[in-house]
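Let's have the full structure, built from the sequences with the hints guiding it.
Basically the numbering used here = 1-based index in the sequence shown + 563.
There may be inaccurate statements among the hints.
[To be verified] Only pairs whose alpha carbons sit at most 30 Å apart, straight line, appear in this in silico DSS-like list of lysine-lysine: (1) Lys-932 to Lys-823; (2) Lys-823 to Lys-573; (3) Lys-573 to Lys-639; (4) Lys-639 to Lys-823; (5) Lys-1089 to Lys-932.
[Stated by the list, open to error] Simulated restraints, written as ranges between beta carbons of each label pair: (6) Gln-926 to Asn-749: 33 to 43 Å; (7) Asn-567 to Asp-886: 15 to 25 Å; (8) Asp-759 to Thr-888: 31 to 41 Å; (9) Ile-1038 to Arg-970: 19 to 29 Å; (10) Cys-956 to Asp-595: 39 to 49 Å; (11) Ala-619 to Val-1001: 30 to 40 Å.
In short, the hints are calculated from the structure, not lab data.
Just so you know, even glycine gets a beta-carbon here, dropped at the ideal spot from N, CA and C.
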Amino acid sequence: MTMNPVRPEKLHIYDTTLRDGAQQAGMHLSLDDKLAIALQADAMGVDFIEGGWPGANPIDTEFYARAPELGLRTAKLVAFGSTRRAGSRASEDPLLEALCTAGTDYVCIVAKAHDVHVTQALRTTLDENLAMVADSVRFLVGHGKRVLVDAEHYFDGFRTNPAYALEVVRTAAEAGAETVVLCDTNGGMLPHWMGDIISATSSIGVELGVHCHNDSGCALANSLAAMDAGVTHIQGTINGYGERTGNTDLTTLIADLQLKYEWPVVTPEQLGNMTSVSRTVAEIANQPVSARQPYVGESAFAHKAGLHASALKVNNDLYQHIDPTAVGNDMHMLISDMAGRANIQIKGEQLGMDLSDRDLAGQVVSLVKQREAHGYAYEAADASFELLVRDTCGELNDRPFSMTSWRVFIEQRGSSEDDAYTEATVKLEAQGSPQIFVGEGNGPVNALDQALRRALRPAYPQVRDYELTDYRVRILDEDRGTDATVRVQIGTTWQHDTWTTVGVGANIIEASWEALSDAYLFGLLKGFGADE
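What follows is the structure, given as structure tokens:
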């Protein structure tokens, strides 16, 4: 068995979510967003946080002005920029001056390391590019800055003109750069190419780092290969954000180094924050959460097959490569038509229900499979699954409310969308008292929600604080066109509690009503808001 490489004396994890990550399509970070994400990166235990490009972007300039108020505990802030312009002086470059006044001890500047990029993109000579690197580094060092140089397109440049790529690194080192970061800017490298290039570069004698993009799907693998070859500084982003296909995902990298390499790169507490950091940053950045993301994804430790569940009842390690709690995640037992009795029993334990009785568990399995055959899906609808189990156990005979009837009325009073009128009427009985209420809304589902909420409020005033936060529609058997069966999932939140219910019907309103009424039923059964 191959032993893990020895941890280097110096090892730096560098977060560039706020600069490189923010270049992702569809990501727009406000100043407050950037400050909040910086705190999350610090909580994850990174060594450096690159906040942006002061002088080139007003938000980034303001970020550095406000950064001292963050009180970072672990990370050091880095200001990002570039070498001086061709044919100018470093002392006259306003962007280099902005780096000097950003208030950070560390600065990182990008420099071209690929000869074709120098001549075609910068439109200058190879010698002038070297002078730009040397002048810029010396200028920043002369102003007391600790300088990192991102050698852009380094690996592609080395493969076509290794002598020049090496000369860029040598020039930066001799001018006073502490670290030269070798960048796979186009993301086309493969892991087995990394070692030879890094070994050849290490002869210069400067600390080396690596910055990998994921265009070939190898950013993480290339980063680990680079570390095996001797780099001591690695750059990436939270959740792998970045332009095109993104960067090395720091949540996976840190977990791999800590749990697979067994290198103590962060504290156990910081590692335990990993899942929370990943999802919080996704929320701040308004980006979808990837359920299949390693370590921190919702499906990273999710099990669906009955065979897996049977084994997990004996030993959790049989189908899990780590304990999910180490990274702040949990094992999830998915309930579907593939579920067996063990799935149901484990899921019941997770939800606080006793399904140890084999006959009862078998009844639930049979019912789940029947309902899924009709279009229900309980994998992401724990609340509906719990209601199903409670009903099977006879625990819903005395419900908080019982429905009598509901209806929706839609009238188009003109030719524009604003001329549509939607009204819903709900009749129910709550705590022995019949209620009839009408609700108006922006469409039938909103009208039903308003009517149901009003009808429940006299008996259960806490429902005023239940908030519908997610609504998803899936058309089943699409070949049937407008006659297709519809599945609706509704997410509901009260304070920090969130639950999901599912409904299936011959039309979207019917399916929505089932998911909606179950959402309120579940919240009341759990007692959410009852003490307020």
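Hint check results:
Distance check on the hinted pair: Lys-932 and Lys-823 sit about 38 Å apart at the alpha-carbon level, beyond 30 Å; violated. Proposed proximity of Lys-823 and Lys-573 is supported: the alpha carbons are some 18 Å apart, at most 30 Å. The suggested pairing of Lys-573 with Lys-639 holds, with an alpha-carbon distance near 15 Å, which does not exceed 30 Å. Taking the CA atoms of Lys-639 and Lys-823, the gap is about 26 Å. The hint holds against a cut of 30 Å.
Using a Cα cut-off of 30 Å, the hinted pair Lys-1089 and Lys-932 holds, with the two alpha carbons roughly 26 Å apart. Here the CB-CB span from Gln-926 to Asn-749 is close to 57 Å, at odds with the stated 33 to 43 Å. Checked against the hint of 15 to 25 Å, the pair Asn-567 and Asp-886 passes, with Cβ atoms roughly 19 Å apart. In this structure the supplied range 31 to 41 Å holds for Asp-759 paired with Thr-888, their Cβ-Cβ distance being about 40 Å.
Taking the beta carbon of each, Ile-1038 and Arg-970 are about 24 Å apart, inside 19 to 29 Å as hinted. Here the CB-CB span from Cys-956 to Asp-595 is close to 47 Å, well matched to the stated 39 to 49 Å. Roughly 56 Å separates the CB atoms of Ala-619 and Val-1001, a value that falls outside the hinted 30 to 40 Å.
Hints 1, 6, 11, counting from the list given before, are not met by this structure.
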